[in-house]
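Chemist: For reference, the chains in residue letters:
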Amino acid sequence: MDFLGAFPQMGRTDLRDLKKGIDEAFRHFSRTHGQAIEDFFHPLLKFLVWFEKLLLATPWPLMIAIIAALVWLGSRSIKMTIGSILTFLLIGYLGMWKDTMSTLALISVATFLCILIGIPLGILMARSDRIQAVITPILDIMQTIPSFVYLIPVLMLLGIGKVPGLIAVCVYAIPPVVRLTNLGIRLVDRDVLEAADAFGASPRQKLVSVQLPLALPNIFAGINQTIMMALGMVVIASMIGVPGLGVPVLKAVNNQYLALGMMNGLAIVAIAILFDRVSQKFGKRLQKHSETIHG
Amino acid sequence: MADNNGIELRGLFKIFGPHGEKYMQAVRDGMTKDELNAKHGHVLGLKDINISIPASKIQVIMGLSGSGKSTLIRHINRLIEPTAGEVIFQGQDICKMNKADLLRFRRHKTAMVFQKFALLPHRTVLGNALYGVELQGMSRKECEERARRWLARVGLDGFEDHYPNQLSGGMQQRVGLARALTNNADILLMDEAFSALDPLIRMDMQKILLDLQEELHKTIVFITHDLDEALRLGDRIAILRDGEVIQQGTGQDIVLHPADDYIADFVKDVNRARVIKVGTIMSPVSGPANGFPTLDAQASLEQAARLLSSRGKDRAIVLGDNGAAEGQITLRRVIDAMVTPVASEKEISRPET
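In order, the protein sequence lines correspond to chains A and B.
Start counting the first sequence at 21; every next residue gets the next number (this note's numbering).
Start counting the second sequence at 206; every next residue gets the next number (this note's numbering).
Among the hints, erroneous ones may be present.
Unchecked claim - The calculated BS3-like cross-link candidates involving lysine-lysine, where the alpha carbons are at most 27 Å apart (straight line), are:
(1) B:Lys-304 to A:Lys-226
(2) B:Lys-314 to B:Lys-304
(3) B:Lys-301 to A:Lys-226
(4) B:Lys-321 to A:Lys-304
(5) B:Lys-321 to A:Lys-226
Unchecked claim - Covered by chain B, according to a simulated footprint, are these stretches of chain A (three or more residues, beta-carbon under 8 Å):
(6) 207-214
(7) 294-304
As the list claims (entries may be wrong) - Heads up, incomplete: computed chain B residues facing chain A, CB under 10 Å, no partners named:
(8) Phe-310
(9) Arg-312
(10) Met-317
(11) Gln-320
(12) Lys-321
(13) Leu-325
(14) Tyr-336
(15) Arg-384
(16) Ala-478
These aren't lab readings, by the way, just hints derived from the structure by calculation.
Predicted model only: the values in this text are computed from it and were never measured.
All C-beta atoms, glycine included, are put in the ideal place defined by N, C-alpha and C.
Whenever a hint applies, use it, and build me the whole structure from the sequences.
Modeler: Here's what the structure looks like:
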């Protein structure tokens with residue numbers, strides 16, 4: 021009866037030794053290779069710091085003008101452009117300008133990195149069922165594993181700072197763009213692909229002239245999701261020393277400052293809504309050709 | 206255009222499934238499609254296809270759905286790999302080409318028109334028409350010039366900047382045709398190109414194709430399931446069933462001498478008056494030739510009947526290519542030939558009183 025009552029688990033000491041062994045091995049790895057890995061990521065850190073400084077050094081009226089211009093280029097909507105100006109004026113007036121710029125810098129760099137890595141990865145996945153079978157479960161893990169868990173090895177390797185924060189954001193935010201690039205390419209009409217083959221398109225020409233353009237709406241949906249998820253990581257990133265709107269939120273949680281938490285939280289929401297609407301509008305404008313469907 | 210643009214299909218087999226080659230011998234030894242499917246789970250797509258597609262003519266491949274006709278046309282530009290056999294064009298076996306040669310062959314020697322148009326939805330009409338020459342690596346300016354010329358030729362000038370979605374089916378297929386013609390390839394592959402269009406527009410497109418062919422003389426392979434279309438367009442017709450060619454010849458051959466009951470059943474509703482030519486049913490001249498109307502040997506029975514009835518004569522003289530009298534034709538003979546020989550309709554004559 022004893023056998024059914026208690027799970028036949030590994031011996032206590034064995035289990036402790038196992039965990040200790042893994043920890044020791046990783047610590048050893050981190051001691052021997054930590055520097056090399058840090059050097060590897062150094063250019064990234066420099067780029068992030070430079071970009072953040074650039075945003076902060078830009079005079080605020082110019083910054084708002086640039087943001088408004090980008091919103092206009094993306095959405096072609098007066099309403100949205102004015103909305104973005106008012107949002108940033110309010111953010112500045114409520115004393116969150118500096119943190120907002122830091123967050124914008126982090127999100128921009130993270131999104132850029134995700135696209136840079138994610139789209140080629142998605143293309144590879146679409147090309148080969150085997151690669152898809154390998155990458156899909158990895159993406160599943162990246163999306164479901166609690167962020168705190170993968171923060172541990174990142175922290176052990178790189179310590180507290182901006183780069184581990186950036187990596188944490190990317191790990192969490194990259195899956196949508198990879199998945200939707202893959203899906204978008206796989207959903208391209210087979211008849212059109214056959215036509216490209218029949219006219220003698222090489223695999224590369226097929227990718228550029230048919231697959232990517234036709235997958236673009238899905239790729240865009242992926243980029244949009246990636247941006248949203250990156251914004252969702254701002255608070256967690258602030259726990260490992262990334263400056264930005266997450267820092268005051270963290271402080272508010274620790275000290276029960278309701279107003280501070282709400283203000284900074286809502287600033288994140290405002291940026292998220294802005295990014296979302298503009299990128300969606302832009303994605304739709306790219307689909308000009310599907311507007312009028314003939315009956 | 207050169208006379209060496211014919212295509213030879215020799216002993217072409219296609220077995221669909223992961224290990225097609227393994228069952229080649231069994232199929233050669235006479236295993237049927239059903240046996241192959243039941244025993245080994247492989248599908249016999251094409252069985253020993255031998256067709257000499259004539260240069261600069263329209264070869265129609267006809268068959269019902271599932272007969273393998275779309276599979277067959279895709280062997281000519283090797284969109285589908287054969288399990289065995291050869292496709293010879295200008296002395297080269299397309300099935301043995303390496304990747305680079307195959308790409309070059311597809312770019313410069315063939316162009317294809319598809320049943321579902323298969324246009325690039327994100328490109329304008331002009332962008333679609335120049336796709337083929339763009340892949341050939343031609344300069345943008347020349348691409349556009351050529352594409353505009355062919356778009357105008359198929360009646361689409363003024364629509365260059367529209368997107369395919371904004372056009373009707375008939376106009377979309379004109380874009381498909383312009384795209385293929387812009388390529389200026391020797392071989393034009395048309396896979397049920399007009400099947401998705403409604404009847405009037407289909408007739409329209411057939412006329413465009415025949416007009417174009419009169420000046421272009423391309424080697425055209427045209428797939429259809431519609432016998433009327435086959436007879437209208439085809440200089441030669443091959444009929445496919447269950448992956449096998451069951452008859453090939455001119456439209457007239459097939460209507461006059463169906464190879465089996467299946468084809469006889471097919472052709473029984475054909476308008477014979479338009480298909481059969483007087484040259485085939487004429488008899489030697491007997492009696493005087495003067496004062497009787499004359500006809501070209503290539504004229505159809507319908508034209509002969511119209512001529513005879515309008516002139517009020519019951520006999521006409523048939524002239525050969527050189528303009529000399531070759532034979533004669535009587536009204537009675539014309540009517541006999543128009544009537545389907547098979548007693549397919551119910552007897553309607555009454556006993557004579």
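Chemist: Now tell me, hint by hint, if it's right for this structure.
Modeler: Checked hints:
{"no.": "1", "hint": "B:Lys-304 to A:Lys-226", "result": "holds, 15 Å"}
{"no.": "2", "hint": "B:Lys-314 to B:Lys-304", "result": "holds, 15 Å"}
{"no.": "3", "hint": "B:Lys-301 to A:Lys-226", "result": "holds, 23 Å"}
{"no.": "4", "hint": "B:Lys-321 to A:Lys-304", "result": "holds, 26 Å"}
{"no.": "5", "hint": "B:Lys-321 to A:Lys-226", "result": "holds, 19 Å"}
{"no.": "6", "hint": "207-214", "result": "holds (count 4)"}
{"no.": "7", "hint": "294-304", "result": "violated (count 0)"}
{"no.": "8", "hint": "Phe-310", "result": "holds, 8 Å"}
{"no.": "9", "hint": "Arg-312", "result": "holds, 3 Å"}
{"no.": "10", "hint": "Met-317", "result": "holds, 4 Å"}
{"no.": "11", "hint": "Gln-320", "result": "holds, 8 Å"}
{"no.": "12", "hint": "Lys-321", "result": "holds, 5 Å"}
{"no.": "13", "hint": "Leu-325", "result": "holds, 6 Å"}
{"no.": "14", "hint": "Tyr-336", "result": "holds, 6 Å"}
{"no.": "15", "hint": "Arg-384", "result": "holds, 8 Å"}
{"no.": "16", "hint": "Ala-478", "result": "violated, 38 Å"}
Hints 7 and 16 from the list above are not met by this structure, while the remaining hints are.
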